[in-house]
Amino acid sequence: MLAFVIRRVFQSFVVLLVVGLVAFSMFRFVGDPIENMLGQERTGADIERLRGQLGLDQPFPVQYFKFLTGAAQGNFGVSYRQGRPVADIIAERLPATLELASVSAILAIVFGLGLGVFTAIRRDGWAANTIMTLSLVGVSLPTFLIGILLIYLFAVELNMLPSFGRGEVVDLGWWRTGFLTESGLKALILPSITLGLYQMTLIMRLVRSEMLEVLRQDYIRFARARGLREKSVLFRHALKNTLVPVITVTGLQLGSIIAFAIITETVFQWPGVGLLFINAIQFVDIPVMAAYLMLISVMFVGINLIVDLLYFVIDPRLRGDSSKATA
Amino acid sequence: MKIRTTMLTAVLLASTSTYATAETLNWARAGDALTLDPHAQNEGPTSALSHQIMEPLVIRDMTGKIVPALATEWAPSEEDPNVWAFKLREGVTFHDGAEFDSEDVVFSFNRAMSPDSDFKELLASVTEVRANGKYGFEIVTNGPNPIMPSNLSDIFVIDKDWAEANNATKVQDFEGGEDTYAARNANGTGPYKLVSREPDSKTVLTMNENYWGKDEFPMEVTEIVYTPIQNAATRVAALLSGEVDFIQDVPVQDLQRVGSTDGLQVITAPQNRVIFFGMNQGDADLKGDDVEGKNPLADKRVREAMNMAINREAIKQVVMRGQSIPAGVAMPPFVNGWTEDLDSLPANDVAKAKALMADAGYADGFSIQLDCPNDRYINDEAICQAAVGMLAQIGVNVRLDAKPKAQHFPLINNLETDFYMLGWGVPTYDSEYIFNFLAHTKGEKYGSWNGTRFSNPELDQQIQRLASETNLDERNLMIANIWSVVQDEVLYLPIHHQVLNWGMAAKVDTVVDPDDEPKIKYFKIK
Numbered sequence: 001m002l003a004f005v006i007r008r009v010f011q012s013f014v015v016l017l018v019v020g021l022v023a024f025s026m027f028r029f030v031g032d033p034i035e036n037m038l039g040q041e042r043t044g045a046d047i048e049r050l051r052g053q054l055g056l057d058q059p060f061p062v063q064y065f066k067f068l069t070g071a072a073q074g075n076f077g078v079s080y081r082q083g084r085p086v087a088d089i090i091a092e093r094l095p096a097t098l099e100l101a102s103v104s105a106i107l108a109i110v111f112g113l114g115l116g117v118f119t120a121i122r123r124d125g126w127a128a129n130t131i132m133t134l135s136l137v138g139v140s141l142p143t144f145l146i147g148i149l150l151i152y153l154f155a156v157e158l159n160m161l162p163s164f165g166r167g168e169v170v171d172l173g174w175w176r177t178g179f180l181t182e183s184g185l186k187a188l189i190l191p192s193i194t195l196g197l198y199q200m201t202l203i204m205r206l207v208r209s210e211m212l213e214v215l216r217q218d219y220i221r222f223a224r225a226r227g228l229r230e231k232s233v234l235f236r237h238a239l240k241n242t243l244v245p246v247i248t249v250t251g252l253q254l255g256s257i258i259a260f261a262i263i264t265e266t267v268f269q270w271p272g273v274g275l276l277f278i279n280a281i282q283f284v285d286i287p288v289m290a291a292y293l294m295l296i297s298v299m300f301v302g303i304n305l306i307v308d309l310l311y312f313v314i315d316p317r318l319r320g321d322s323s324k325a326t327a
Numbered sequence: 001m002k003i004r005t006t007m008l009t010a011v012l013l014a015s016t017s018t019y020a021t022a023e024t025l026n027w028a029r030a031g032d033a034l035t036l037d038p039h040a041q042n043e044g045p046t047s048a049l050s051h052q053i054m055e056p057l058v059i060r061d062m063t064g065k066i067v068p069a070l071a072t073e074w075a076p077s078e079e080d081p082n083v084w085a086f087k088l089r090e091g092v093t094f095h096d097g098a099e100f101d102s103e104d105v106v107f108s109f110n111r112a113m114s115p116d117s118d119f120k121e122l123l124a125s126v127t128e129v130r131a132n133g134k135y136g137f138e139i140v141t142n143g144p145n146p147i148m149p150s151n152l153s154d155i156f157v158i159d160k161d162w163a164e165a166n167n168a169t170k171v172q173d174f175e176g177g178e179d180t181y182a183a184r185n186a187n188g189t190g191p192y193k194l195v196s197r198e199p200d201s202k203t204v205l206t207m208n209e210n211y212w213g214k215d216e217f218p219m220e221v222t223e224i225v226y227t228p229i230q231n232a233a234t235r236v237a238a239l240l241s242g243e244v245d246f247i248q249d250v251p252v253q254d255l256q257r258v259g260s261t262d263g264l265q266v267i268t269a270p271q272n273r274v275i276f277f278g279m280n281q282g283d284a285d286l287k288g289d290d291v292e293g294k295n296p297l298a299d300k301r302v303r304e305a306m307n308m309a310i311n312r313e314a315i316k317q318v319v320m321r322g323q324s325i326p327a328g329v330a331m332p333p334f335v336n337g338w339t340e341d342l343d344s345l346p347a348n349d350v351a352k353a354k355a356l357m358a359d360a361g362y363a364d365g366f367s368i369q370l371d372c373p374n375d376r377y378i379n380d381e382a383i384c385q386a387a388v389g390m391l392a393q394i395g396v397n398v399r400l401d402a403k404p405k406a407q408h409f410p411l412i413n414n415l416e417t418d419f420y421m422l423g424w425g426v427p428t429y430d431s432e433y434i435f436n437f438l439a440h441t442k443g444e445k446y447g448s449w450n451g452t453r454f455s456n457p458e459l460d461q462q463i464q465r466l467a468s469e470t471n472l473d474e475r476n477l478m479i480a481n482i483w484s485v486v487q488d489e490v491l492y493l494p495i496h497h498q499v500l501n502w503g504m505a506a507k508v509d510t511v512v513d514p515d516d517e518p519k520i521k522y523f524k525i526k
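Residue numbers (the UniProt record's numbering), protein chains in the order written: chain A, 1 to 327; chain B, 1 to 526.
FYI, nobody ran anything at the bench for these hints, they're computed from the structure. Glycine included, every Cβ here is placed at the ideal spot set by N, Cα and C. Don't take each hint at face value.
Just a sample of chain A residues kept apart from chain B, beta carbon distances all over 10 Å, derived [what the hints assert, rightly or not]:
no. : residue
1   : Gly-20
2   : Asp-88
3   : Ile-106
4   : Ile-121
5   : Ile-151
6   : Ala-223
With a cut-off of at most 27 Å between alpha-carbon atoms, the simulated BS3-like pairs for lysine-lysine come out as follows [as the list claims (entries may be wrong)]:
no. : chain 1 : residue 1 : chain 2 : residue 2
7   : B       : Lys-202   : A       : Lys-186
8   : B       : Lys-524   : B       : Lys-214
9   : B       : Lys-300   : B       : Lys-442
10  : B       : Lys-524   : B       : Lys-65
11  : B       : Lys-316   : B       : Lys-294
12  : A       : Lys-66    : B       : Lys-170
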């Protein structure tokens, strides 16, 4: 177990280095940050001076090395756009994204699992059929379109929910939360549905097909033959055995909920890291882009690690194997 | 319990009575101010927010006219033509209560002229600034500068002691990694005080009760909540749902919808920005064309033909949905030097243009690449696409290459494009600004945005003389002369003047600011 974790952490470091390298080499094609930083009255001398100040005149390997040494010490440089330390800006924006992502993920998992099981049990009922048809919408419509549709329905036509922003937030010192105010909670509804819908339908369809598969197995038939209660058959025996693939997919989807929050955040002007990243691209704010990509890859790697560890908890066979391997 | 209820009612009544006159303006636009540091970014949304909190010596009102702000009177000094003397307003206090005087102005100007300032070019001719008593201020230039005040309308004044106490005397430092205090906090003399600010999310301002001009201006908005909303559809939805009262950039396709909604209005006015094409007419041969050993754009007849081939009315109707003012000169309409005659459109005559092409020896045409931004001006890429079709009619086969502004503008600056789109705003409202950047030979001090490789030493001299000609009639004559050369040479292919569309609740009463920088103190609420 320990060896496994160490091996995975080492692999993660390699992944991060590669992500950093690829990202850094791509930034050169995004454009020239100097262009946005100086007004139209700037002279050639200004451009040269600023380029020198930012270290953009140095060769690529030197810039990359500087970034890595800074990042290792937790210093991601200063945002070109806001003129403030990147670490501060990200720390300020991360709570918004994490709150949105966690609500979306909970929605996706709860409804995905529930509806998945439901449609598997009542596979020919009209309700299940309607849900299955509607779920196609969730899979096939692009996120920004769903967001705009929701805004027009609930904000413009019905005037029930806010169309943008995070509402009132409460500052807890190190975390600004929208969970504690009514407007904050209301503002969460539309973005979290928009962000979680795709994941929800995906989980639902996966659970349904896995359940159908498992329900055909002999042991379910035997369980029923033994006269176990239906509830116990479905949830203790069937559902538990569908969970390994579901957890893999859900874990990966959690990462992409955070990563793809970019689109939802732009549509709803949600002040999280995704919106920060979009602005950084437009402004060619290299320090912010680099830090964001590193952060996202750390999250993906971390989530994958947790998913792998969860296998141990859910699937006893893996536990047996690994104890032999470490022994 | 009874008593408590009564008390509560009383408190509620009291609060409603004070709020009866309170008017909150929920204001949104596509981009947020980048910083509150007034000298760090010379950029539209940043200056627009600063204008509510801080003040320059002189300000442009909502019609573009220069009016007093922190200075009450100004004139060139009688003893020395190189000196502008300003009389400062007395009895003004900063938001924290500190007194405003000439010391703060000297400090702020020196800060605005420091190397990291984004405004230093506007003050490039300044050699010294000095106080003359507590309420006198003088600017010394390296020669007479007849239009000095028009360079000062965005140079904001902050409190010297406040900046020193908070370690914010320097503009900003990208190397140190330190937060500049002034980027997040503000202490100005302006009509509104900063209450709170979350970048890219929300900025709240409240009326400055001690503002010197409280009785002079309407000041009917008592609280401003400023929210950037990047996504155009969301921005319009927020206006339609009543969550915001005022948006600065209504996309052209939504104008109809907003205008026809009950309780909303759209107001429109020409913007201080003209859109045009530049052409490499100086090089002997072009790299990006298919003509060997020659530069077709160096031939004036070709440039004239291209100018004729562009159908500006069609671009207005089809690409801009009526929201543009076709242009015949690369100069916004309210700039000193503009005349109706200069701005009259060249005839859109394809037959004549073809004849000119044949005359020049390009009867079969030629092909060339057009570089165009796709995220800078209103419908920029679509305008270029339209131009491609129009130029094809006279045999100019254009390959369009549209890319983000961060990649487009370096092409112009590094002289890597032969045919490009550019837009230009004139903060000083004077032609000299256009000539300095766009018509003068490209060099260290002048012509930094002239990507045409055009060079006329005689014209350069005339342009440089403008800076020190103090006789305004004589100066205007010189400006007219320079324009006639620029127009005769077909230095640029003007397309149109951009139009601003402000969408707002019907209760808001204002005119459109040509610089797209609303000054809320002028807003009335119906």
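Consistency of the hints with the structure:
1. Gly-20: holds, 19 Å
2. Asp-88: violated, 7 Å
3. Ile-106: holds, 24 Å
4. Ile-121: holds, 40 Å
5. Ile-151: Per Cβ check, A/Ile-151 is inside 10 Å of chain B; nearest 5 Å; violated.
6. Ala-223: holds, 52 Å
7. B/Lys-202 with A/Lys-186: With Cα atoms ~17 Å apart, B/Lys-202 and A/Lys-186 stay inside 27 Å; holds.
8. B/Lys-524 with B/Lys-214: holds, 13 Å
9. B/Lys-300 with B/Lys-442: Cα-Cα ~20 Å, so holds.
10. B/Lys-524 with B/Lys-65: holds, 19 Å
11. B/Lys-316 with B/Lys-294: violated, 34 Å
12. A/Lys-66 with B/Lys-170: holds, 25 Å
Against the hints set out earlier in the document, violations occur for numbers 2, 5 and 11.
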